[in-house]
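A.B. asks: For the record, the sequence lines run as chains U, G and C.
Going left to right, the first sequence walks through residues 1 to 307 as this note's numbering numbers them.
Going left to right, the second sequence walks through residues 1001 to 1242 as this note's numbering numbers them.
Going left to right, the third sequence walks through residues 2001 to 2306 as this note's numbering numbers them.
Be aware that a few hints might be false.
What the simulated footprint calls covered on chain C by chain U, stretch by stretch (three residues with Cβ under 8 Å from a Cβ of chain U suffice, anywhere in the stretch; the number is not a length) [said to hold, decoys possible]:
hint	stretch
1	2112 to 2123
2	2146 to 2156
3	2239 to 2253
4	2276 to 2284
Simulated from the structure, these hints should not be mistaken for laboratory data.
Note that the coordinates shown come from a computational prediction; the quantities given were computed from them, not determined experimentally.
Heads up, the beta-carbon is just placed ideally off N, CA and C, and yes, glycines get one too.
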Amino acid sequence: MTYALVAGVLFGLYFSLVGIGLNLVFGVMRIVNLAHGDILMLGAFIALGVVGIAGIDPLFAVPLAFVVFVLAGVLLYWVLVPRLQGSANPEMLSIILFFGLSQVIEAVTTIFAGTSERSIQSRLLGTVFTTIKVKWFGGKAGGAGPIQIFGQGFPAPWVIAAITSLIAIALVYLYLYHTRLGTLTRAVMSRRDEALATGIDVDRVSAAAFGIGLGIAAVAGVFAPFMFGSVTPAFGADATVTSFAIVVLGSLGNPLGTALGGVVYGLCYMLVQTYLSSWADLLPYVLLIVILLLRPSGLLGRRVRVA
Amino acid sequence: MSPEKTSILDVSKLVKRFGGFHALDGLSFHVVPGEILGLVGPNGSGKTTAINVISGLYAPDGGEVVFDGASAGGVASHKLVHRGINRTFQVPKPFLSLTVRENIQVALAYGGATGAPSIAELLEEYRLKEVADRPAADLNSAQQKMLDLTRALATRPRLLLLDELAAGLNPAELDWIAGRIKALAATGMAIIVVEHLMGFIEQITDRVIVLNAGKEIFEGTLATAVREPQVIEVFLGGEHAH
Amino acid sequence: MHNASKHLLFILAPLVVVFALLPGVYQNHLLLFNFVIFLILAQGVNIIYGFTGYLPFGYVGFFGAGAYGFAIMVMHLHTPAPFAVLVGGGVAILLGLLLTPLLRLSGAYFAIANLAASLAVLHFVANPALEGITKGPYGVSLTGTFNPTHAYYAAVVVMALTVGAVVYLKNSPFGLALQAVREDAVSASMAGVNIIKMRVIAWLASALVAGLAGGIYAWYVSVFYPDNVFSGEFSIFAIVFALFGGVATITGPIVGVLILYGIYNLIGFTTPQYFQLIYGLLIMGLVLFLPAGLVSLATRRGWHVP
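Here chain U stands alone, though its shape is the one from the complex:
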């Protein structure tokens, strides 16, 4: 039980990281990024590349993935979104547009990387820390072993991913509540029309949010090979649905609610995995539908989503 709960929280924090970028994009632009899972998948391939080519700790892929995808996101925003917003039904068409994008990403990745499952030895993650420890304090080199929490051992990558997630969520919070651009972002989220009317450069704010959303998704992707065992180019589609379940749990359009949604999801995931494993696959879907119907605005939200 303790194991399932702690593992649930660790996974839950990671799931928050998985979902938060999707939510940021939806909250600001009312755009459904169905390619979200594919960005995660690409983040995982950056980690694979960092290990395979440079042979260094995959943690170095975190800043790399973030920077690359913030830039890619801003670029993509300017290519796709203004044209979409001009159409009759942007929310509906965005679903289809980004589905197309996800197909393109999956296809291109398959062309270059093939369809085989890829994984990274989990002991490689965090070697930068042990190297520093060995240099400064002596002791034996090698990968980090299991980390003890409440007397139980947990794989080090789970803990590292959870800590990175906490840091990322804190940074998103700082961005939204303590920077000028973040304040404008919240203004656009709550009242897009009025924000336009008051002269806020909605496109600039949205492009930034889109870039950050994609950047965070890629960072989450870096940890995917450790959290899910392996990745393939087809990993994106499942990751998108899971992300939606998390985001809806926490309430769409409220990025910080996603942190709560992630933890609740992680706990459910681990508990079902432990006690009802043959039905575990059903969990994200059933949870998503039940939450949508019973608590349409998510666990934290107040926004009404019925016609």
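Given the structure of chain U, go ahead and fit chains G and C onto it with the hints provided.
C.D. replies: Here is chains G and C on its own, set in the frame of chain U:
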């Protein structure tokens, strides 16, 4: 004249809350067939909420709505339409991708009215003939208001609720639509008008009810209303004080 | 002549005749069968998305439910195939009824919830715990009813019914009222339209045709796995075909299927990832440059497209 016998709509002690806010707080009034009643009051006094409750968009939290002798509070809109209530919207939302003609066809087919006016009559009378086969999205806002009105009239209502129909019309159009509304009342239709334009209200209503904070504070003609200190205080006073 | 009769005579009748005669002159019957299946599914999407605005991202759920309804009738009750197809349609309607609460959601929420529902049904059917009923993930084999010729003609019949239903929607006050609900539910209710009833009818009708198509698909292929009949590609293809041609028309989805599924088969199965790339780009280009479908090229010029 005794309201119990002849009125087509009786609203008594109507309450509607949004969270802790009482949009309607014990509102009572009645309308008789052929009458044009004005609902006036400052913004947020509950005029549109009253129309929304009577037309079935909101269920009341208390009190009663009796239409034509039967309870109408909390009944689904489309059923009230079939029973003879209809309305226009402050911001009309016609079926944009359908043509003007098709917009009216929907109401004719589903309004459940017998002896409703024909499409040709409605198009002609409300100046939509020229645009009959254009998508509603192509209409200007005054035309959209007229389309909204024809949508309501196609269901042949006995009680018609007009929410800010005159706003945005030019003086010539105002005179014309005032004449049309009076002609509808002359056929026996009861009409409730929510409006900010006092001149327009004065021109067409037989009687007004002044609302403040979801309650009636005056009932009578507009000419008397404007001499009532309480009315001047909450309504006209608010605007003339500055 | 009345518009509806014109549409039946000049669109539906030629379509049925062509697909009824083609197997005699063209050898790739599986390809023809798939064309007919996608015509049904694209028109099914048209009914629910084109006329009511709900984007059914998990449309395949009904298709798979129909296929498994068919399989269970044949495996456990040994019923004749045509009856099992009808049961497949019935199962899809039941699933549709179960999912009617989703109609309370709007826009993206509905699309995502519907996607989740279809995946939930997939994982339910494929669960090893239900092996006794559905054969779980191990798939079903229905060699006893295998008869691709009959299945093909059954598919043509269902296609005719589906296109006929769309002709009805395009020419009836009912279809207009559905579109009115799509455009603005409040105004529609003030036109006297019972919006809940309308939405449920359209939803169940589109569920039914997908369920019948799924049952016939099971009859035709006779051996399949849950992943085959619940493949998200059915939903996506049907949606993209319908959109490409133009929804809320009779001809749009037909043109969409004939052109896009034609291209699909030309660029072929040999290099799926290149195909996926071209397809993805096509979808993006479609949304960005032709959001109202091919028929909008004609309607923009003022031509009427049925």
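A.B. asks: Now tell me if each hint is right for this structure.
C.D. replies: Against the structure, the hints:
1. Using a Cβ-Cβ cut-off of 8 Å, 8 residues of the stretch 2112 to 2123 of chain C lie near chain U, which meets the minimum of three, so the contact claim holds.
2. Counting residues of the stretch 2146 to 2156 of chain C whose beta carbon lies closer than 8 Å to any beta carbon of chain U gives 0, which falls below the threshold of three, so the coverage claim is violated.
3. Under the rule that three or more residues need a Cβ within less than 8 Å of chain U, the assignment of the stretch 2239 to 2253 of chain C holds, with 3 such residues.
4. Residues of the stretch 2276 to 2284 of chain C lying with their CB closer than 8 Å to a CB of chain U number 8, which satisfies the three-residue condition for coverage.
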